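Colleague: Chains as they are written, first to last, in our numbering: chain A, 2 to 113; chain B, 23 to 135.
Hints are computed from structural coordinates only; laboratory data are not their basis.
Model, not experiment: these values are computed from the prediction.
Among the hints, erroneous ones may be present.
[Stated by the list, open to error] Heads up, simulated SDA-like pairs for lysine to any residue below, C-alpha to C-alpha not over 25 Å straight-line:
id: 1; chain 1: A; residue 1: K43; chain 2: B; residue 2: V41
id: 2; chain 1: A; residue 1: K105; chain 2: B; residue 2: F91
id: 3; chain 1: A; residue 1: K105; chain 2: A; residue 2: E18
id: 4; chain 1: A; residue 1: K105; chain 2: B; residue 2: L61
[Stated by the list, open to error] Label pairs and their computed distance ranges (CB to CB):
id: 5; chain 1: B; residue 1: A60; chain 2: A; residue 2: P9; range: 13 to 23 Å
id: 6; chain 1: A; residue 1: Y77; chain 2: B; residue 2: R37; range: 14 to 24 Å
id: 7; chain 1: B; residue 1: A102; chain 2: A; residue 2: T46; range: 18 to 28 Å
id: 8; chain 1: B; residue 1: L61; chain 2: A; residue 2: E57; range: 26 to 36 Å
C-beta atoms are modelled at their ideal positions from N, C-alpha and C, and glycine is treated no differently.
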Amino acid sequence: KQEVTQIPAALSVPEGENLVLNCSFTDSAIYNLQWFRQDPGKGLTSLLLIQSSQREQTSGRLNASLDKSSGRSTLYIAASQPGDSATYLCAVWNSGNTPLVFGKGTRLSVIA
Amino acid sequence: ETGVTQSPTHLIKTRGQQVTLRCSSQSGHNTVSWYQQALGQGPQFIFQYYREEENGRGNFPPRFSGLQFPNYSSELNVNALELDDSALYLCASSSGDGTDTQYFGPGTRLTVL
Chain A
2 KQEVTQIPAA LSVPEGENLV LNCSFTDSAI YNLQWFRQDP GKGLTSLLLI QSSQREQTSG
62 RLNASLDKSS GRSTLYIAAS QPGDSATYLC AVWNSGNTPL VFGKGTRLSV IA
Chain B
23 ETGVTQSPTH LIKTRGQQVT LRCSSQSGHN TVSWYQQALG QGPQFIFQYY REEENGRGNF
83 PPRFSGLQFP NYSSELNVNA LELDDSALYL CASSSGDGTD TQYFGPGTRL TVL
């Protein structure tokens, strides 16, 4: 059974700092991995999708990497801003149309 | 291209009641998945519908049921509500070809008193 763990559970950083969020999964035979952002009480916004054949994806100040063999992914946020404050969720799925398996998320606070 | 929409936004029910939540999938998507997110937790898969048929189910009791309509919109029904059913219910749609990501709606916040 696939399990996803995110560390740390919460993180508080000063504005402008670069930071890394971690995600690990137990079954390395994943199809894709996706990072989401969730604002309090809101739905999920997709940030980056990494297909199993890829090693990383970049969008603006965000960079996500994937190491399938070790069962790990990282989300790097450069030059953090107060508007980045949210919960970041990592999710994997094991084949084409199977459900996403989520971690519990990392709650990020960026202090001005 | 319209996004995924859900209704209602918020709902308050009492124990033992029944509730129906609704989801309209993104244009061109034939697959809808429902997730339950308790406070402080990641979303948990409830079930998925593909072209009006249930196509997978998570570890939820039978009082959680669903439907998908010919226009691919979907309903989640929960009978005999329990306090632990209080959560954010998320709907996600996808193209069903296995290559696409799932696009999430804003969710319905259900409170059971």
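Colleague: Against each hint, give a clear statement of whether it holds in the structure.
Modeller: Against the structure, the hints:
1. K43/A with V41/B: Within the cut-off at roughly 20 Å; holds.
2. K105/A with F91/B: violated (32 Å)
3. K105/A with E18/A: Cα-Cα ~23 Å, so holds.
4. K105/A with L61/B: Roughly 10 Å separates the two Cα atoms, so the pair holds.
5. A60/B with P9/A: 13 to 23 Å: holds (20 Å)
6. Y77/A with R37/B: 14 to 24 Å: violated (45 Å)
7. A102/B with T46/A: 18 to 28 Å: With a Cβ separation near 33 Å, A102/B and T46/A fall outside 18 to 28 Å, so the hint is violated.
8. L61/B with E57/A: 26 to 36 Å: Holds, at about 32 Å.
The structure fails to meet hints 2, 6 and 7 from the earlier list, while all remaining hints are met.
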